[in-house]
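Protein chains: 2
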Amino acid sequence: MIKVKFMPQNIEVVCKYKDNLLEVARKANIFIDAPCNGNVSCGKCKVKIINGRVDTKKTTHITDEEFDSGYVLACNSKVIEDIQVEVPSKLSSSMNKMKIEDSSSDVYKKLLENCKQLISKNHMEFKSYVRKNYVTIELPNLDDNISDFDRIKRHLRNTFGYEKVTCKIETIRKIPNILREGNFNVTITHIPKAGNTTNIVNIESGDTTDKFYGVALDIGTTSVAACIVDLYKGKIVAKASSGNAQIKYGADVINRIIYSTKKDGLEKLNKAIVHETINPILESMYNELGIDKNDITALVAGGNTTMTHLLLNVYPDYLRMEPYIPAFSKSPYIQAKELEIEINSDAYIYITPCVASYVGGDITAGVLSSGIWSSDENVLFIDLGTNGEIVFGNKDYLMTCACSAGPAFEGGEISCGMRASSGAIEKIRIDKDTLNPTLGIISNDKPQGICGSGIIDLIAEMLVNNIIDRRGKINENINSNRIRFDENEIGEYVLAFKEDYNIERDITITEVDIDSFIRAKGAVYSGIITLVESLGMDFDMIDKVLIAGGIGSSLNIEKSILIGMLPDVDKNKYSYIGNSSLMGCYLALTSEDARCKLEECSDSMTYVELSVYPSYMDEFISACFLPHTDIEKFPSVKASLGC
Amino acid sequence: MIKVKFMPQNIEVVCKYKDNLLEVARKANIFIDAPCNGNVSCGKCKVKIINGRVDTKKTTHITDEEFDSGYVLACNSKVIEDIQVEVPSKLSSSMNKMKIEDSSSDVYKKLLENCKQLISKNHMEFKSYVRKNYVTIELPNLDDNISDFDRIKRHLRNTFGYEKVTCKIETIRKIPNILREGNFNVTITHIPKAGNTTNIVNIESGDTTDKFYGVALDIGTTSVAACIVDLYKGKIVAKASSGNAQIKYGADVINRIIYSTKKDGLEKLNKAIVHETINPILESMYNELGIDKNDITALVAGGNTTMTHLLLNVYPDYLRMEPYIPAFSKSPYIQAKELEIEINSDAYIYITPCVASYVGGDITAGVLSSGIWSSDENVLFIDLGTNGEIVFGNKDYLMTCACSAGPAFEGGEISCGMRASSGAIEKIRIDKDTLNPTLGIISNDKPQGICGSGIIDLIAEMLVNNIIDRRGKINENINSNRIRFDENEIGEYVLAFKEDYNIERDITITEVDIDSFIRAKGAVYSGIITLVESLGMDFDMIDKVLIAGGIGSSLNIEKSILIGMLPDVDKNKYSYIGNSSLMGCYLALTSEDARCKLEECSDSMTYVELSVYPSYMDEFISACFLPHTDIEKFPSVKASLGC
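Residue numbers (the UniProt record's numbering), protein chains in the order written: chain A, 1 to 643; chain B, 1 to 643.
These aren't lab readings, by the way, just hints derived from the structure by calculation. There could be a bad hint or two in this list.
Which copy is meant is left open, so a pair is good if it fits within one copy or across any two.
[Said to hold, decoys possible] Straight-line distance between alpha carbons at most 25 Å, and here's what the computed BS3-like set of lysine-lysine pairs gives:
| hint | residue 1 | residue 2 |
| --- | --- | --- |
| 1 | 174 | 330 |
| 2 | 263 | 174 |
| 3 | 573 | 263 |
| 4 | 262 | 174 |
| 5 | 268 | 638 |
| 6 | 293 | 432 |
| 7 | 174 | 337 |
| 8 | 337 | 271 |
| 9 | 193 | 168 |
| 10 | 293 | 271 |
| 11 | 174 | 268 |
| 12 | 638 | 116 |
| 13 | 168 | 337 |
| 14 | 193 | 330 |
| 15 | 571 | 48 |
Given the structure is predicted, the values throughout are model-derived calculations rather than measurements.
Build the full structure now, drawing on both the sequences and the hints.
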């Protein structure tokens, strides 16, 4: 056996001769970002060998200088002797950092206000799918000696009108002692169903109705966000987020699905989301609030179809193979203990319904909170997270499609990309004379990389300043120390020199990155146009455009249009609605009416499979240009570029 | 630590100084019968110390001779040094012996014939609550790419008309691969519910409809009986029974309930019924038939209220405390895996409903198979197992009560009592001149003890031959070697001398036994009369009397009337209907119509709590006489006794 020690974690593990270094790190629970899941294509899993040697090859992702000082790609290295490995701090921490967020911030207040208006405008009620009722049951005597459970049923029928009351045997097991401990004063947690039926999920002695919390949970491919809601007062009391720990098995859903087909792959992915992501997020909030997990009696989770399959431990491989079939679209309520999610183990979890393999529960939740279903106007809803999903509709119809944009909008598969968190460059302005950039960095931290909105800014600025042409190629005739070409003549623009910021390496964007991003934005634009035109409509008929998702609130609409990602319609029609999936889960959690509306929306959404539209591929190719091969489609850009 | 070795099992265990020997045996899984659950009152747990000494006291249950040769009561002995203990073979084997029964016997044929007539007469159908359907699902394609589960739901709606189809997440997990393994030809096991709904409980690839078995299970306090039914052909294919392994924790329900309140008591009782009784019975039948447990997809179990609580691991202590409240009367369907019963782990188990603390699911099942609910005549139904339960009614009403008769009818709490199995004396005739008995022994085996029907015969014969008087006291003036008195002047009659049969000890009946039995029969008689008179009716209005239960088919009705256990009505009105509980479970298993009828019967049964009837105690005291203090109530007996 060979010993591998990881620094600065100071964790030593043993492995076999020629074991893959990335796999060894995963087994040791060392987080190394590997968006391409070990295909030697993204270059993100760069580590430094500080003692010993590995069997490796130099790749284009590693400079000569780096290679000489010990840098290798973990995925491309085999362990052949005892080694010590340094994992760059950026890799080991930035993606997975836990963040307790301020739930009283302005963005949140506005989103919550919108939700409240939506509920009241549609005559709906804030009342969760889970109910907690304190009841005083009639004491038994010899003349009235029906069973404990029958007595509870009778009380619920007489008091609340439930004709049928069900519960699992494990609840029945609790009843006799709980009833008598509280002298027949008990709190009953139950889930009402159609037809005057309710299902008791828990019984406690005494009055515990003041401890009545629920969790809304958005499970993104890259990031996971959650909030705890006081269902008694109807208030968000905590909010937190972190990276999705599955990222070590691949940055996008396709790589995760492939990983799930490997031995124990599905179990590892499930463990990564439940035990390494969701439970730590929940626990951090419990600590923050000083509440007990047993007081959480409801949870609504939304995620894309792959995330939903992985959360429920359902084999997802048929999602990626034509004809792209999910195992399920609607899941039954599931007990927390079945998923090992750390809330009250008897609580039932509601998973927001999916529409198709690539339009998931995050989108149906987003449709719910965005209120498209109650709008008279035609609304275009675009979720720009990992991949892009599009919904177009109003109160009478809802059309949806997915475009395989990949993880570029959250910084994935971009050499210096990262998600929109502390240290991410989110805004860029390039001086037309010096070609030097001015950077807007999240938290005004040292720059660590570029997030989605930063890349849009950067590409737009490079285009406007002629650093790149409309194909995304760097102008070789510019004389600037920020522009350089490697041995393969692949150009890059330096956003931040390491010396200027005292960081480990220069932050750059390469022609390869730009090409990746152009394909991503092309997928979105061609998706939008195909969806709208499939209805025989055109962009003039769009009344409103809502942008949601991980791309971040600093998304510059004007520049997004300039690079041809978004349709060239009046900028005032656009608004950014943040994490609409989380807000949708919040609504489904706090309002049973809203939850039913969500089910209704998902039933009525018509999924358009882009790959069967013959025009889609042509549209895509035309859109892989800045902004488009047909500049007439972008009149405002035509003017500003002076084409 | 002290070593205790049990022979002939040759099992050695260690225990602490002064540990109770009965508890040590239980921990070692050595079966020692202890009907009184270690109260030093029944004298059944007699063992022989063959090496070493114990801290014990002589009791009335042990003769001087026995005491000198090392016999002690295990419950009354503390371990103080290393010992070797001989467990008499009768104790260790007779109660718990597994018996594979001939399901083609005449008794069974008749019972099954009755069931079939009942079903057809009431226009019901033989169709189980569980269905297995082989279906060919439409293959998916890009134009029809709904999820696998939605596809199955659509097929079931189009083919069978189910508007709503539910299933658990664990079934969804199976769907994607099972569907594709069978090229979308699958067998779906499901449980239809009201309102065009069905619940899928299993999915298998290919056609498995020919392997479709169910189990009917009667859980008695003393004995457990089961049969396997081929639900495809509608035929009983195996039948087996054995003692209830809980008996080591007490012979009757009261002692078991008391045991359940001890540390780990409930878990031990649950383990005894599931793992030490039901699963071995099932496995013996699987071996006999050569079928796999996974082919058993339905199970219906009936037992008294205490047995039902213990089976489901529900704390039963409030059953025995006024006002005698069960935790539940109707249980939800429960998955086999939750109860750890060795059938297909996904199969759902139906538990027959209870009516009150002492009228359980065995009685409602008995009511179902006896057909009282469809009878125009007034039927008296008496279940004589451990305890006695009585139902009186016809198609318009059903009244029921329970009498605390204890385990005497199955041989419990009688010094030489045993259940009606091989070696039990079931028929007795005493020669009026010699006072020698002629014994009818089950299987013509060596006599090992007396069962319920034997005790009735014996007491009746002793009464007719003036060996006992009408109080049950032995006539001191008879000169016979079969009649003897101990130092406390307690008389006994010897049924079988050990020398005559080469057995370990004489088989006798003592005045204490007779007194126990008189109280048991008095409880039954006073229960019957109180129930009938509570309706303002009298015995003349009884059209039919059905006797069911463990007392056995050799019950002599004439003698049962003679000792005052059963009402003195025309003998032709009586019939013995065997294990009506098992037959009721068979019906509920094989016919969903019958199962619904069972629910209906249990809802409509009116429970009469005898203890609130002021007349009941007087009736009981009057009935604790042979046949009764008021001989006028037994005109036929008056004639034959010549009173």
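A quick look at each hint next to the structure:
no., hint, result
1, 174 with 330, "between (31 Å within a copy, 15 Å between copies)"
2, 263 with 174, "between (40 Å within a copy, 17 Å between copies)"
3, 573 with 263, "neither (49 Å within a copy, 70 Å between copies)"
4, 262 with 174, "between (41 Å within a copy, 17 Å between copies)"
5, 268 with 638, "neither (50 Å within a copy, 82 Å between copies)"
6, 293 with 432, "neither (55 Å within a copy, 78 Å between copies)"
7, 174 with 337, "both (16 Å within a copy, 19 Å between copies)"
8, 337 with 271, "both (14 Å within a copy, 23 Å between copies)"
9, 193 with 168, "both (15 Å within a copy, 17 Å between copies)"
10, 293 with 271, "within (19 Å within a copy, 31 Å between copies)"
11, 174 with 268, "between (34 Å within a copy, 18 Å between copies)"
12, 638 with 116, "neither (41 Å within a copy, 86 Å between copies)"
13, 168 with 337, "both (14 Å within a copy, 14 Å between copies)"
14, 193 with 330, "both (16 Å within a copy, 20 Å between copies)"
15, 571 with 48, "neither (47 Å within a copy, 98 Å between copies)"
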